[in-house]
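**Q** For reference, the chains in residue letters:
Number of protein chains: 4
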Amino acid sequence: MAEGMRLSEIDAVEWLNCTTPQTLEILQGRVVVIEVFQMLCPGCVAHGLPQVQNVRRTFRPEDVMVLGLHSVFEHHEAMTPAALRAFVHEYDIRFPVAIDRPGEGDLPRTMGKWGLEGTPTLLLVDRRGRLRARHFGQIPDMALGAEVMALVREGTEG
Amino acid sequence: MAEGMRLSEIDAVEWLNCTTPQTLEILQGRVVVIEVFQMLCPGCVAHGLPQVQNVRRTFRPEDVMVLGLHSVFEHHEAMTPAALRAFVHEYDIRFPVAIDRPGEGDLPRTMGKWGLEGTPTLLLVDRRGRLRARHFGQIPDMALGAEVMALVREGTEG
Amino acid sequence: MAEGMRLSEIDAVEWLNCTTPQTLEILQGRVVVIEVFQMLCPGCVAHGLPQVQNVRRTFRPEDVMVLGLHSVFEHHEAMTPAALRAFVHEYDIRFPVAIDRPGEGDLPRTMGKWGLEGTPTLLLVDRRGRLRARHFGQIPDMALGAEVMALVREGTEG
Amino acid sequence: MAEGMRLSEIDAVEWLNCTTPQTLEILQGRVVVIEVFQMLCPGCVAHGLPQVQNVRRTFRPEDVMVLGLHSVFEHHEAMTPAALRAFVHEYDIRFPVAIDRPGEGDLPRTMGKWGLEGTPTLLLVDRRGRLRARHFGQIPDMALGAEVMALVREGTEG
Chain A
1 MAEGMRLSEI DAVEWLNCTT PQTLEILQGR VVVIEVFQML CPGCVAHGLP
51 QVQNVRRTFR PEDVMVLGLH SVFEHHEAMT PAALRAFVHE YDIRFPVAID
101 RPGEGDLPRT MGKWGLEGTP TLLLVDRRGR LRARHFGQIP DMALGAEVMA
151 LVREGTEG
Chain B
159 MAEGMRLSEI DAVEWLNCTT PQTLEILQGR VVVIEVFQML CPGCVAHGLP
209 QVQNVRRTFR PEDVMVLGLH SVFEHHEAMT PAALRAFVHE YDIRFPVAID
259 RPGEGDLPRT MGKWGLEGTP TLLLVDRRGR LRARHFGQIP DMALGAEVMA
309 LVREGTEG
Chain C
317 MAEGMRLSEI DAVEWLNCTT PQTLEILQGR VVVIEVFQML CPGCVAHGLP
367 QVQNVRRTFR PEDVMVLGLH SVFEHHEAMT PAALRAFVHE YDIRFPVAID
417 RPGEGDLPRT MGKWGLEGTP TLLLVDRRGR LRARHFGQIP DMALGAEVMA
467 LVREGTEG
Chain D
475 MAEGMRLSEI DAVEWLNCTT PQTLEILQGR VVVIEVFQML CPGCVAHGLP
525 QVQNVRRTFR PEDVMVLGLH SVFEHHEAMT PAALRAFVHE YDIRFPVAID
575 RPGEGDLPRT MGKWGLEGTP TLLLVDRRGR LRARHFGQIP DMALGAEVMA
625 LVREGTEG
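Those protein sequence lines, which keep their order, are chains A, B, C and D. Everything in the first sequence is counted per the numbering used here, starting at 1 for the first residue and increasing by one. Everything in the second sequence is counted per the numbering used here, starting at 159 for the first residue and increasing by one. Everything in the third sequence is counted per the numbering used here, starting at 317 for the first residue and increasing by one. Everything in the fourth sequence is counted per the numbering used here, starting at 475 for the first residue and increasing by one.
Please keep in mind that the hints were generated in silico from the structure rather than gathered at the bench. Be careful, since some hints might not be right.
For each label pair, taking beta carbons as the anchor points, the in silico distance ranges come out as [said to hold, decoys possible]:
1) B:Thr178 / A:His135: 24 to 32 Å
2) A:Ala2 / C:Asn333: 38 to 46 Å
3) A:Glu3 / B:Phe294: 43 to 51 Å
4) C:Met321 / A:His76: 58 to 66 Å
Glycine is no exception: its CB is placed at the ideal position from the N, C-alpha and C atoms.
Okay, chain A solo, but in the shape it has when bound:
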């Protein structure tokens, strides 16, 4: 998955916090910020998830959509859909969260086809559906605010 290319759709077995599955197709016209996480990943809990909750407070919903993608590649017995629902409730996560479809080995399908290295990974998708940045690990709040705004200001004609 190269930056600048159109990002393929999330392959989810289930979505939380929304009534119908989200697709990048439908979200075109908005910047999409995707937090790829695992509920038992300390860096996701301490930094990644609070940061995208902050993105959601900082930008207007008509400009920026935040999505979570729960991509379990270890401790599968612990990070079940039921456990994730409890986690989402306790941490007051209100944006849509997709549960990545299990694959043949440990790696779930979306994480596999996107070629991600681990969690937390933050993906920025522009208004036209193209992947524009991916950050594995932490990124400072100020730099992220700047990156997202740069995409917001591109407009849709790009």
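Please build the complex by placing chains B, C and D on the supplied structure of chain A, with the hints as guidance.
**A** This is chains B, C and D only, laid out in the frame that chain A set:
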């Protein structure tokens, strides 16, 4: 459970991070710091557990023993023993952790007999096995360091 | 001083960290971020100044210029130019800092003509020299990163 | 100045926040925590001074006395007594602060006779007036709370 009284033993279905169950009886002679937590409780993850890991680094093991007690009173389907083992691994928790025995309703047995209000709760037990303090919620590091040292310095003759 | 209007020039008795005085005239074409501070203002030291140092690391110098304005309106005997030089050295402040010209009362001239309420105040000036935002007190890093980038992306033709 | 030895008295030109000079002689019977600082030392402002303000909130005044010692060994022109008074006001420092007496070179007299390395330095003096610990740089809150309580619990008979 009144402060100053001998604390009754933990009723556990299983212990992690130790080969035999811990008892307050056997631990007599040492100050015991017990962190009562749930793995999906945000305050436990952000404050309570890192703080007792800090207690463990600050005091000598011959003076102070840190124990965890996983007392699940909600989201039982999510906070299973298997999930807790994954959590303990990911958060690098190295002190003994007891899994509180399920009770008749939602409340597990040790939490019930000790009359605790919720998680995180921190209990301080003196060298003679008496409960000396309990803190529901956060307590500053400096105050906790002082409280634990006060018990350490009491000696065992008390 | 209304937002959207051209910001009048800084009236300084002295500049630190630069060989010639900075003017908004000369800086046209770049976004200018001005931190109005006092060296003995706790909020400036703890938040405002570290934040604009972060702005300076986050954006390219050809896009964004950070300036400090030391506007002393209290404790004049303590916050002398000599004291400010020591402060700037100890806190490793490397952007140009203007010393606001003393006025007739306690209020220095630039702070007076700009109508500022206190310190820290952060001013954002667009590429065409117009004041676009002012923040008295703290602003989150992510929101500031977004605001500055929005101005960076306006271009100069605006 | 060796640990375990009686600490010699502070040689001050002036005391702030108290009506008569403090002496270790008079303070005997209490633990004394001395923060040696400079008002333009970033580590003192960010960590050392807030920490001893925390000591003052954590322990009872009849057990623990906090003193500040302003020992200027650089930027003498900036860190004058007038500047220190403004600093103490702005940072809401309420414990007695001694201004160390200037020496022959840059080093002030108390700092010189005590053989200190720099600022911030934290000194712990027991109830009998003996120096028991000195920390140059940062020390964690929990460890400091424990150290101070250990001295509080020694009693005066020691």
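**Q** Now, for every hint given, state plainly whether the structure supports it.
**A** Verification of the hints:
no.	hint	in the structure
1	B:Thr178 / A:His135: 24 to 32 Å	violated, 45 Å
2	A:Ala2 / C:Asn333: 38 to 46 Å	holds, 42 Å
3	A:Glu3 / B:Phe294: 43 to 51 Å	holds, 48 Å
4	C:Met321 / A:His76: 58 to 66 Å	holds, 60 Å
The structure does not agree with numbered hint 1 stated previously, though it agrees with all others.
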